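There are 2 protein chains.
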Amino acid sequence: MTEENKEELKKDQEVQEELTEEALEDIVEDEISDLEEAQKAADEWENKFLRVSAEMQNIQRRSNEERLSLIKYRSQDLAKKILPSLDNIERALAVEGLTDDVKRGLEMVQESLVNALKEEGISEISTADEFDPNFHMAVQTVPTDDEHLANSIVQVFQKGYQLHERVLRPAMVVVAQ
Amino acid sequence: MTEENKEELKKDQEVQEELTEEALEDIVEDEISDLEEAQKAADEWENKFLRVSAEMQNIQRRSNEERLSLIKYRSQDLAKKILPSLDNIERALAVEGLTDDVKRGLEMVQESLVNALKEEGISEISTADEFDPNFHMAVQTVPTDDEHLANSIVQVFQKGYQLHERVLRPAMVVVAQ
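Protein chains in written order, with the UniProt record's numbering: chain H, 1 to 177; chain L, 1 to 177.
No wet-lab data here; the hints were simulated from the structure.
Where hints are given, some of them may not hold.
Claimed, not checked - Derived DSBU-like pairs: lysine-lysine, alpha-carbon spacing no greater than 35 Å straight-line:
id, chain 1, residue 1, chain 2, residue 2
1, H, K159, L, K118
2, H, K103, L, K80
3, L, K159, L, K80
4, L, K80, L, K118
5, H, K48, L, K159
Unchecked claim - Chain H is nowhere near these chain L residues, computed Cβ spacing over 10 Å in every case:
id, residue
6, V142
7, D145
8, H164
This one's a predicted model, so the numbers in the text were calculated from it and none came from an experiment.
Note that CB positions come from ideal geometry on N, CA and C, so glycine has one too.
Produce the complete structure using the sequences and hints provided.
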C-alpha cells in the first residue's frame with residue numbers, strides 16, 4: 001500500500017464515519033422532536049381528561065341538587081291550586097244554619113285535604129307571632145291600643161300556606177301600627 | 001510525523017469516533033424508549049378522556065330523562081292523597097235533602113278540586129268503554145243480559161284517576177260476564 005493510498009483510505013473512512021455520525025445526530029434530533037410532540041400530546045390529553053372529569057363532577061353535583069329540589073318542592077304547583085278549595089270549604093263552614101250532617105261532611109273533607117297537604121310538607125303559616133313580611137301580607141292596618149302592640153297581627157283575612165320553608169302564599173292579615 | 005505516529009493517531013481517532021457513535025446509539029435507544037413511553041401515555045390519557053366524555057354524556061342523558069320524569073309525575077303523591085277528599089265530597093253530594101246553598105257550596109269545592117287536578121294532568125279514568133284491566137278493577141261481576149254485553153261496565157263503585165297515562169288508582173267497577 002502506498003502512502004498516498006493509505007491517506008486516501010483514511011479520508012474515505014473519515015467521511016464515512018462522519019456521515020454515520022451525522023445520520024445518527026439527525027435521528028437523535030428527530031427522536032427528540034417526536035418525543036417532545038408525544039409528551040405534549042400526553043400533557044394535552046391529560047389536561048382534557050382532568051377538565052372533563054371536573055366538569056362531570058360539577059354536572060353530577062348540580063344534577064343531584066336539582067333532583068333533590070324537584071323532589072322537595074314537587075307538590076308546589078298542585079298544592080297552590082288546591083288552596084282555593086280549602087278556602088271555599090272554610091267559607092262554607094262559616095255559613096250559619098248548617099245541619100250537623102253537612103257540617104260534619106264539610107269538616108271531613110277539610111280535614112282530609114289538610115292532612116293530604118301536611119303529608120306533602122304543606123302547612124298553614126303561623127300568625128301567632130309578630131307580623132313578618134316574609135310570611136304575612138298586611139292588607140289593612142289599625143292603630144295600636146292596649147291589646148294590640150305595634151306590629152302585632154290583629155286579624156287574619158285569609159290563611160297563608162308554606163311548603164317546607166317556601167311560602168306558597170302569604171297570610172293576608174290586619175296589622176296594628 | 002512518523003509512520004508509527006500516524007497509525008497511532010488514526011487509531012485514537014477511530015476509538016474516539018466509535019465511542020461517540022456508541023454514545024449516540026445509546027442516546028437514540030433511550031430516546032426511542034422515552035418516545036414509546038410518551039406515546040403510550042398520550043394514548044392512555046386520550047382513552048381516559050374518551051371514556052369519561054362518554055360517561056358524562058350518559059350521565060347528562062340519564063339525568064335529563066330523570067328530570068323530565070320527576071317534573072311530569074311531580075303531582076302524583078299529593079294527587080293520590082287528595083282523591084279521598086274528592087270521594088267524600090261526592091258522597092256528601094249524594095246525601096238527600098241538602099239545601100241548595102250547601103249543594104252549591106259542595107259543588108264549588110268539587111269543581112275547584114277537579115280543575116286543580118286537571119291542570120296538573122290528573123283526569124278521571126273513563127268507564128264509557130269496555131272493561132280494561134289496566135284501568136279498571138272488577139269488584140263484582142253480573143251475568144250478561146240484553147242490555148249488558150260481556151265485558152261491559154255495568155256500574156262504577158268508585159271513580160278511578162290517572163296522571164297522564166299513569167294510573168293513580170283504577171276505577172272500581174261491576175262487570176258483566
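- Query: When the hints from earlier in the document are held up against this structure, which numbers fail?
  - Reply: 5
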